[in-house]
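Novice: What follows is each chain in one-letter form.
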Amino acid sequence: MQRNEPIIKLDHLSKTFKSKDSVVNALDNINLEIQKGEIFGIIGMSGAGKSTLVRCINLLEKPTEGSVLFDGQDLLKLNQKALRKSRQAMGMIFQQFNLLMQRTALKNICFPSELSGLSKEKAQTRALELLEIVGLSDKANVYPSQLSGGQKQRVAIARALATNPKVLLCDEATSALDPATTHSILSLIKKLNEQLGITIVIITHEMSVIQEICQRVAIIDASQIVEIGTVKEIFSSPKSSAGKKFIYPSSSKTQHFEKNRCIRIVFDGDFTYEPIIANMILDCREIVNILFADIKNIDNKAYGHLVLQIPDDNIAADKIITYFKMKNLSVEEVI
Amino acid sequence: MFSQTVINMIGRGIGETLYMTLFSTLLAYIIGLPMGVVMILTDKDGIRPMFYLNKVLDIIINILRSIPFLILMILVLPLTRLIVGTTIGSTATVVSLVIAAAPFIARLVESSIKEVDFGVIEAAQSMGASPFEIIYKVFLPEAKPSLIVGSAIAVTTILSYSAMAGILGGGGLGAIAINYGWYRYETEIMIVTVVLLVIIVQIFQETGMRLAKKLDKRFK
Chain A
5 MQRNEPIIKL DHLSKTFKSK DSVVNALDNI NLEIQKGEIF GIIGMSGAGK STLVRCINLL
65 EKPTEGSVLF DGQDLLKLNQ KALRKSRQAM GMIFQQFNLL MQRTALKNIC FPSELSGLSK
125 EKAQTRALEL LEIVGLSDKA NVYPSQLSGG QKQRVAIARA LATNPKVLLC DEATSALDPA
185 TTHSILSLIK KLNEQLGITI VIITHEMSVI QEICQRVAII DASQIVEIGT VKEIFSSPKS
245 SAGKKFIYPS SSKTQHFEKN RCIRIVFDGD FTYEPIIANM ILDCREIVNI LFADIKNIDN
305 KAYGHLVLQI PDDNIAADKI ITYFKMKNLS VEEVI
Chain B
8 MFSQTVINMI GRGIGETLYM TLFSTLLAYI IGLPMGVVMI LTDKDGIRPM FYLNKVLDII
68 INILRSIPFL ILMILVLPLT RLIVGTTIGS TATVVSLVIA AAPFIARLVE SSIKEVDFGV
128 IEAAQSMGAS PFEIIYKVFL PEAKPSLIVG SAIAVTTILS YSAMAGILGG GGLGAIAINY
188 GWYRYETEIM IVTVVLLVII VQIFQETGMR LAKKLDKRFK
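Top line first, the protein sequences correspond to chains A and B. When you read off a place in the first sequence, starting at 1, and then add 4, the result is the number in the working numbering. When you read off a place in the second sequence, starting at 1, and then add 7, the result is the number in the working numbering.
These are computed hints drawn from the structure, not numbers from a lab. Source: prediction; values computed, not measured. Check each hint, because a few of them may be wrong.
As the list claims (entries may be wrong) - Simulated crosslink set (DSS-like; lysine-lysine; CA at most 27 Å straight-line):
| no. | chain 1 | residue 1 | chain 2 | residue 2 |
| --- | --- | --- | --- | --- |
| 1 | B | Lys121 | A | Lys24 |
| 2 | A | Lys170 | A | Lys124 |
| 3 | B | Lys220 | A | Lys66 |
| 4 | B | Lys51 | A | Lys111 |
| 5 | A | Lys22 | B | Lys51 |
| 6 | B | Lys51 | A | Lys81 |
| 7 | A | Lys124 | B | Lys224 |
| 8 | A | Lys194 | A | Lys248 |
| 9 | A | Lys143 | A | Lys236 |
Unchecked claim - Now the in silico label distances, taken between C-beta atoms and shown as ranges:
| no. | chain 1 | residue 1 | chain 2 | residue 2 | range |
| --- | --- | --- | --- | --- | --- |
| 10 | A | Ala297 | B | Ser137 | 48 to 56 Å |
| 11 | B | Phe125 | A | Lys126 | 26 to 34 Å |
| 12 | A | Glu136 | B | Glu122 | 29 to 37 Å |
| 13 | A | Glu125 | B | Leu86 | 46 to 54 Å |
| 14 | A | Glu133 | B | Glu122 | 27 to 35 Å |
| 15 | B | Ile81 | A | Asn145 | 54 to 62 Å |
| 16 | A | Glu69 | B | Ser137 | 20 to 28 Å |
| 17 | B | Tyr143 | A | Asn145 | 20 to 28 Å |
| 18 | B | Gln212 | A | Ser212 | 46 to 54 Å |
| 19 | B | Ile174 | A | Glu125 | 55 to 63 Å |
Yeah, the Cβ is synthetic: ideal placement off N, Cα and C, and Gly gets one too.
Taking the hints into account, I'd like the entire structure generated from these sequences.
Specialist: Next comes the structure, spelled out in structure tokens:
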């Protein structure tokens with residue numbers, strides 16, 4: 005990955021919400037660098053502070069401490085007018101789409117252009133182009149109430165792109181959508197990243213979203229970033245307990261096997277699709293029990309992980325683990 | 008049934024009632040609409056929280072709204088004389104109608120704008136909208152159907168106030184109903200004026216509701 009100037013840099017960022025009788029630390033000393041052109045994920049449970057974090061990037065929430073650098077500019081030092089100008093260089097989409105209900109899809113997409121002072125004709129031309137990009141050319145004059153969730157999010161994406169922003173902030177953008185629609189929206193975001201080179205920041209509580217399109221990920225737990233790295237690194241060996249919670253199969257799926265010795269094997273795309281378990285059994289003459297498996301075949305490469313129960317006998321176990329490691333798979337004991 | 012004089016009088020009454028009602032509504036909106044918008048802006052969860060301004064406006068609105076209209080009319084008589092030069096007739100009534108209706112309209116506007124989803128406001132902010140742009144590109148257009156329903160309520164309320172003003176020398180159908188129907192026992196005239204008032208209210212209310220429904224793009 006190219007390591008040039010980060011487009012977004014959060015430096016010792018903290019946010020405290022004060023009410024009459026309580027003080028809530030929503031963000032605590034966050035340090036984060038997001039590189040130009042990458043798809044960066046921020047994952048956390050609800051209440052971890054991820055939504056506040058993304059709102060601190062465009063200053064919808066004002067951090068209590070620290071600084072927010074966007075494209076080399078300290079946003080907290082800007083006056084209101086300059087800040088509004090900077091916000092036009094950052095698009096944002098939301099879980100609930102937040103479209104203007106009394107405007108057509110086309111007029112919604114024209115909205116940010118109107119704010120930036122573009123002429124009506126130019127705004128309209130740009131909006132039509134964007135509708136084409138998001139695949140909704142036929143819905144230009146339709147009102148949001150007549151669109152499905154996925155279509156609304158497409159309009160919202162087109163609207164966010166109207167001012168040619170450098171960054172697209174996605175706040176739980178797929179959380180209100182069904183899995184198939186989620187997939188199509190994520191593909192669209194990925195396409196925009198590849199074609200326009202726009203930096204994407206994705207906030208989510210779903211690991212599958214991170215795996216599907218992000219290159220790097222930060223895990224946020226109890227107002228702090230507990231782990232940060234490439235999706236590959238973190239998926240194959242999460243260090244933090246929050247990371248493990250997101251990545252390991254949920255305990256409800258495996259708990260009745262907990263007494264046994266188990267290993268988790270991660271497929272991160274380096275491995276081509278071969279019947280690895282069957283081959284191991286034939287080659288090692290040891291048996292295993294598959295407790296959990298979640299593997300996707302993307303472009304004939306395997307992505308995902310599986311959990312195997314292996315014999316308690318150390319020699320047999322070592323033989324199995326060595327076999328998988330020789331195949332360049334990442335293996336770790338989970339219990 | 009009625010002499011030409013009575014018919015002419017009733018015709019003039021309708022004109023005066025419409026004049027008082029519509030002119031007062033217009034003036035009351037010129038005052039009440041910005042008041043309602045300011046209430047929303049300066050609310051503690053608004054986009055420009057200003058505690059004291061919000062509180063002061065809130066108290067003024069509540070005080071004006073709690074004074075019964077007939078008492079308010081008497082209280083503002085000096086002001087009416089100052090502005091119009093007289094305290095009787097339709098134009099004089101407009102002064103007290105505006106003072107009574109503006110705070111009511113401010114509340115209607117406030118509650119209409121409150122219906123606008125906060126997420127949409129946040130989205131506009133994220134696109135770099137200024138507070139002024141949020142007012143005229145988000146608040147007012149998004150709340151338009153509800154604002155129209157509110158204006159139908161405002162018009163009909165002002166109409167019934169204007170009829171009440173007949174007691175204190177105001178003009179219009181209300182004055183005819185009181186002067187002829189009540190003081191002179193001409194029950195027929197009273198019945199006719201009341202029926203006419205009912206019809207006018209029906210027309211305003213129905214028009215407002217239909218217009219709001221037609222313009223609302225949320226359910227289709």
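Novice: Hint by hint, say whether it matches the structure.
Specialist: Checked hints:
Straight-line distance between C-alpha atoms of lysine 121/B and lysine 24/A comes to about 24 Å, which keeps the hinted pair within the 27 Å bound. At most 27 Å may separate the alpha-carbon atoms for a hinted pair to count; lysine 170/A and lysine 124/A meet this at roughly 23 Å. Between the alpha carbons of lysine 220/B and lysine 66/A the distance comes to roughly 39 Å, so the proposed pair goes past 27 Å and is violated. Distance check on the hinted pair: lysine 51/B and lysine 111/A sit about 31 Å apart at the alpha-carbon level, beyond 27 Å; violated.
At roughly 13 Å between alpha-carbon atoms, lysine 22/A and lysine 51/B fall within 27 Å of each other, so this suggested pair holds. Straight-line distance between C-alpha atoms of lysine 51/B and lysine 81/A comes to about 24 Å, which keeps the hinted pair within the 27 Å bound. For a cut-off of 27 Å, the pair hint linking lysine 124/A to lysine 224/B stands: about 22 Å separates their Cα positions. Restraint check for lysine 194/A and lysine 248/A: satisfied, since their Cα atoms lie roughly 26 Å apart, inside the 27 Å limit.
Note on lysine 143/A and lysine 236/A: the hinted pairing is violated, with a Cα-Cα distance of about 39 Å set against a maximum of 27 Å. For the pair alanine 297/A and serine 137/B, the supplied restraint of 48 to 56 Å holds, since their beta-carbon distance comes to about 53 Å. Taking the beta carbon of each, phenylalanine 125/B and lysine 126/A are about 30 Å apart, inside 26 to 34 Å as hinted. For the hinted restraint 29 to 37 Å between glutamate 136/A and glutamate 122/B, the CB-CB distance of approximately 34 Å keeps it satisfied.
At about 51 Å, the CB distance of glutamate 125/A to leucine 86/B agrees with the hint of 46 to 54 Å. Under the hint 27 to 35 Å, the C-beta atoms of glutamate 133/A and glutamate 122/B, about 33 Å apart, fit the expected range. Range check, isoleucine 81/B to asparagine 145/A: about 55 Å between beta-carbon atoms, so the 54 to 62 Å window is met. Range check, glutamate 69/A to serine 137/B: about 27 Å between beta-carbon atoms, so the 20 to 28 Å window is met.
For tyrosine 143/B and asparagine 145/A, the hinted distance range of 20 to 28 Å is satisfied, since their beta carbons lie about 23 Å from each other. Glutamine 212/B and serine 212/A have their C-beta atoms about 53 Å apart, which keeps the hinted 46 to 54 Å range intact. Roughly 58 Å separates the CB atoms of isoleucine 174/B and glutamate 125/A, a value that falls within the hinted 55 to 63 Å.
When the structure is compared with the earlier hints, violations turn up for hints 3, 4 and 9 and for no others.
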